[in-house]
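Visitor: Chains as they are written, first to last, in the working numbering: chain A, 1 to 443; chain B, 444 to 540.
These are calculated hints, taken from the structure and not from any lab test.
Even glycine gets a Cβ: it sits at the ideal position worked out from N, Cα and C.
Treat the hints loosely; a few may be bogus.
Claimed, not checked - Taking lysine-lysine pairs in the DSBU-like style, the calculated list, with each CA pair at most 30 Å apart, reads: (1) Lys457(B) with Lys218(A); (2) Lys307(A) with Lys529(B); (3) Lys307(A) with Lys511(B); (4) Lys511(B) with Lys158(A); (5) Lys105(A) with Lys153(A); (6) Lys153(A) with Lys529(B); (7) Lys2(A) with Lys218(A); (8) Lys158(A) with Lys307(A); (9) Lys529(B) with Lys59(A); (10) Lys445(B) with Lys307(A); (11) Lys529(B) with Lys218(A); (12) Lys457(B) with Lys59(A).
As the list claims (entries may be wrong) - Only part of the chain A face toward chain B is listed, based on derived beta-carbon distances under 7 Å: (13) Glu258; (14) Leu361; (15) Leu365; (16) Ala382; (17) Arg384; (18) Glu418.
Stated by the list, open to error - Derived contacts from chain A toward chain B, CB cut-off under 10 Å, selection only: (19) Cys130; (20) Asp134; (21) Arg138; (22) Gln206; (23) Asp357; (24) Tyr402; (25) Ile420.
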Amino acid sequence: MKTLRIGTGAGFAGDRIRPAVDLARNGALDYLVFECLAERTIALAQLDRLNDPAAGYDKRLDQRMRAVLPDCHRHGTRIITNMGAANPLEAARRTAEIAAELGLKLRVAAVVGDDVLDRIGPCILDETGCPASDLGDRLVSANAYLGAEGIVKALARKADIVICGRVADPSLFVAPMIHEFGWALDDHDLIGRGTVVGHLMECGAQVTGGYFADPGVKDVPNLATVGYPIAEVAEDGTAIITKLAGTGGLVSRETCIEQLLYELHDPAQYFQPDVVANFSGVDFSEIGPDRVAVTGGTGAPATGRLKVSVGARDGWIGQGEISYAGPGAVARARLAGEITTERLGHIANQIEDMRVDIIGLDAILPTDAFAPEPRDVRLRIAARCTDTEVARAVADEVEGLYLSGPAGGGGVATTVREVIGIRSTYLPAAEVSTCVHMFGEAG
Amino acid sequence: MKLHEIAHGRTGDKGTTSNISIIAYRPENWPLIESEVTADRVAAIFGPDVDVTRYMLPQLFALNFVVKNALMGGVTRSVALDAHGKGLVYAVLDMRL
Numbered sequence: 001m002k003t004l005r006i007g008t009g010a011g012f013a014g015d016r017i018r019p020a021v022d023l024a025r026n027g028a029l030d031y032l033v034f035e036c037l038a039e040r041t042i043a044l045a046q047l048d049r050l051n052d053p054a055a056g057y058d059k060r061l062d063q064r065m066r067a068v069l070p071d072c073h074r075h076g077t078r079i080i081t082n083m084g085a086a087n088p089l090e091a092a093r094r095t096a097e098i099a100a101e102l103g104l105k106l107r108v109a110a111v112v113g114d115d116v117l118d119r120i121g122p123c124i125l126d127e128t129g130c131p132a133s134d135l136g137d138r139l140v141s142a143n144a145y146l147g148a149e150g151i152v153k154a155l156a157r158k159a160d161i162v163i164c165g166r167v168a169d170p171s172l173f174v175a176p177m178i179h180e181f182g183w184a185l186d187d188h189d190l191i192g193r194g195t196v197v198g199h200l201m202e203c204g205a206q207v208t209g210g211y212f213a214d215p216g217v218k219d220v221p222n223l224a225t226v227g228y229p230i231a232e233v234a235e236d237g238t239a240i241i242t243k244l245a246g247t248g249g250l251v252s253r254e255t256c257i258e259q260l261l262y263e264l265h266d267p268a269q270y271f272q273p274d275v276v277a278n279f280s281g282v283d284f285s286e287i288g289p290d291r292v293a294v295t296g297g298t299g300a301p302a303t304g305r306l307k308v309s310v311g312a313r314d315g316w317i318g319q320g321e322i323s324y325a326g327p328g329a330v331a332r333a334r335l336a337g338e339i340t341t342e343r344l345g346h347i348a349n350q351i352e353d354m355r356v357d358i359i360g361l362d363a364i365l366p367t368d369a370f371a372p373e374p375r376d377v378r379l380r381i382a383a384r385c386t387d388t389e390v391a392r393a394v395a396d397e398v399e400g401l402y403l404s405g406p407a408g409g410g411g412v413a414t415t416v417r418e419v420i421g422i423r424s425t426y427l428p429a430a431e432v433s434t435c436v437h438m439f440g441e442a443g
Numbered sequence: 444m445k446l447h448e449i450a451h452g453r454t455g456d457k458g459t460t461s462n463i464s465i466i467a468y469r470p471e472n473w474p475l476i477e478s479e480v481t482a483d484r485v486a487a488i489f490g491p492d493v494d495v496t497r498y499m500l501p502q503l504f505a506l507n508f509v510v511k512n513a514l515m516g517g518v519t520r521s522v523a524l525d526a527h528g529k530g531l532v533y534a535v536l537d538m539r540l
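Isolated chain A, as found in the complex (with noise of 0.2 Å):
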């Protein structure tokens, strides 16, 4: 029976780029993945491109083709991506161009047809219950989630690098799978099975160790070089997830579980464009070191509506920290605290929203009025607001803290950002139509 492996190159913009190239040169793969877009990265993107037209994709494309392409070229590994972001046509384009500077005849596809930013106008958004042309010109990028449908056309017109903008996840490695095993797109059980090998893979080494170990109670070896996953995947849907031997990390039931139930709600309806995946059922079962065997998604009919994200500008935070050391140290951070917010009054009514935390003791848990008192904490003060010169006045407040606030107060860092929000709406799959525009040449 044919066996399919892929590999994920990639689980977000900003992961490392040595695993990817470990597997394109060992890896013996079919396909490699590289996932580079969360939910506000599109809209950052989009930004980009309005400020130079030729912009718009992933920053680091250059780096990661150039890194991959020959290795992969060499071993017929074809390489799938959202990289593409706001501009899969210039990503293509560009990546066409580096595969001819290094000698590589390399065919490469764009996908487009995410981009539904001209009719998103009447839509209403989820978080807001009004339509999408509320936001006015604060409104950036629109993209609908697209299922494998483009990324199969565009195998079938061989390509062997295909580069997306929003795509879901899993999408990107069901879609060599219904090329290659010739799946009918009307086959839920195995989409959805395919579903739970993508939804493991998608984010790279959390399924291989990474955002896993807890000294004592969950060890991981060697975690400094934790290895990429692989995906052994059999005509049937069901697949082995592994990674090179000699890589760091651990591929262990545990590590599957964590990665399954992970940005998971109901197990029985994971919604996606090609497919309601069910995991209710799915189970593993560790068959080797680093190998665990994936049986048990099924499927049931898309929706035929597709989630879309929507961009828009949201003001701007300001933040400020200041650290606090020593006996009394949570006494002193609390009135800096108190202090910067009664200094605020009166900019009150142009903060949409606050926060007063101290980093050490309740910061990003619920307050333990049992814990231990830390040694040293940090006060952190950051606010929203819709001028960028009410977010500043938060920052410089907890700077004036130095000179004027409690005693020993130290280590101030401020920011001032642009907060680009994402909401959520739906439009019918029927209205969304992908196209597929090849660069390069046949090797």
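Starting from the known structure of chain A, fit chain B onto it as the hints suggest.
Guide: Relative to the frame of chain A, chain B by itself:
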């Protein structure tokens, strides 16, 4: 005993909703986890604004808690230090059994 001694998990985020998995290391601890780590107890950790649903995956000895409104303002607009709520699973693992 703290839940952290017998279970592990991970937090995920979508918009203003957080999901928290709680997974037993050993099958023999599953009945205790299933009976004690309830939606109500998880909701009590995060205060009055949240709405918690618990899903069970018994073959994996795992629970999945979907905590609505755990991430105030949503990940992209939040003024929280850990805007994704990545660390929230440890508030649940801190539970005394």
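Visitor: Against this structure, judge whether each hint is valid.
Guide: Outcome of the hint check:
{"no.": "1", "hint": "Lys457(B) with Lys218(A)", "verdict": "holds (26 Å)"}
{"no.": "2", "hint": "Lys307(A) with Lys529(B)", "verdict": "holds (23 Å)"}
{"no.": "3", "hint": "Lys307(A) with Lys511(B)", "verdict": "holds (19 Å)"}
{"no.": "4", "hint": "Lys511(B) with Lys158(A)", "verdict": "violated (44 Å)"}
{"no.": "5", "hint": "Lys105(A) with Lys153(A)", "verdict": "holds (20 Å)"}
{"no.": "6", "hint": "Lys153(A) with Lys529(B)", "verdict": "violated (37 Å)"}
{"no.": "7", "hint": "Lys2(A) with Lys218(A)", "verdict": "violated (35 Å)"}
{"no.": "8", "hint": "Lys158(A) with Lys307(A)", "verdict": "holds (29 Å)"}
{"no.": "9", "hint": "Lys529(B) with Lys59(A)", "verdict": "holds (25 Å)"}
{"no.": "10", "hint": "Lys445(B) with Lys307(A)", "verdict": "violated (39 Å)"}
{"no.": "11", "hint": "Lys529(B) with Lys218(A)", "verdict": "holds (17 Å)"}
{"no.": "12", "hint": "Lys457(B) with Lys59(A)", "verdict": "holds (25 Å)"}
{"no.": "13", "hint": "Glu258", "verdict": "holds (4 Å)"}
{"no.": "14", "hint": "Leu361", "verdict": "violated (12 Å)"}
{"no.": "15", "hint": "Leu365", "verdict": "holds (4 Å)"}
{"no.": "16", "hint": "Ala382", "verdict": "holds (4 Å)"}
{"no.": "17", "hint": "Arg384", "verdict": "holds (5 Å)"}
{"no.": "18", "hint": "Glu418", "verdict": "violated (11 Å)"}
{"no.": "19", "hint": "Cys130", "verdict": "violated (16 Å)"}
{"no.": "20", "hint": "Asp134", "verdict": "violated (16 Å)"}
{"no.": "21", "hint": "Arg138", "verdict": "violated (12 Å)"}
{"no.": "22", "hint": "Gln206", "verdict": "holds (8 Å)"}
{"no.": "23", "hint": "Asp357", "verdict": "holds (6 Å)"}
{"no.": "24", "hint": "Tyr402", "verdict": "violated (21 Å)"}
{"no.": "25", "hint": "Ile420", "verdict": "holds (7 Å)"}
Comparing the model with each earlier hint shows violations of hints 4, 6, 7, 10, 14, 18, 19, 20, 21 and 24; every other hint is respected.
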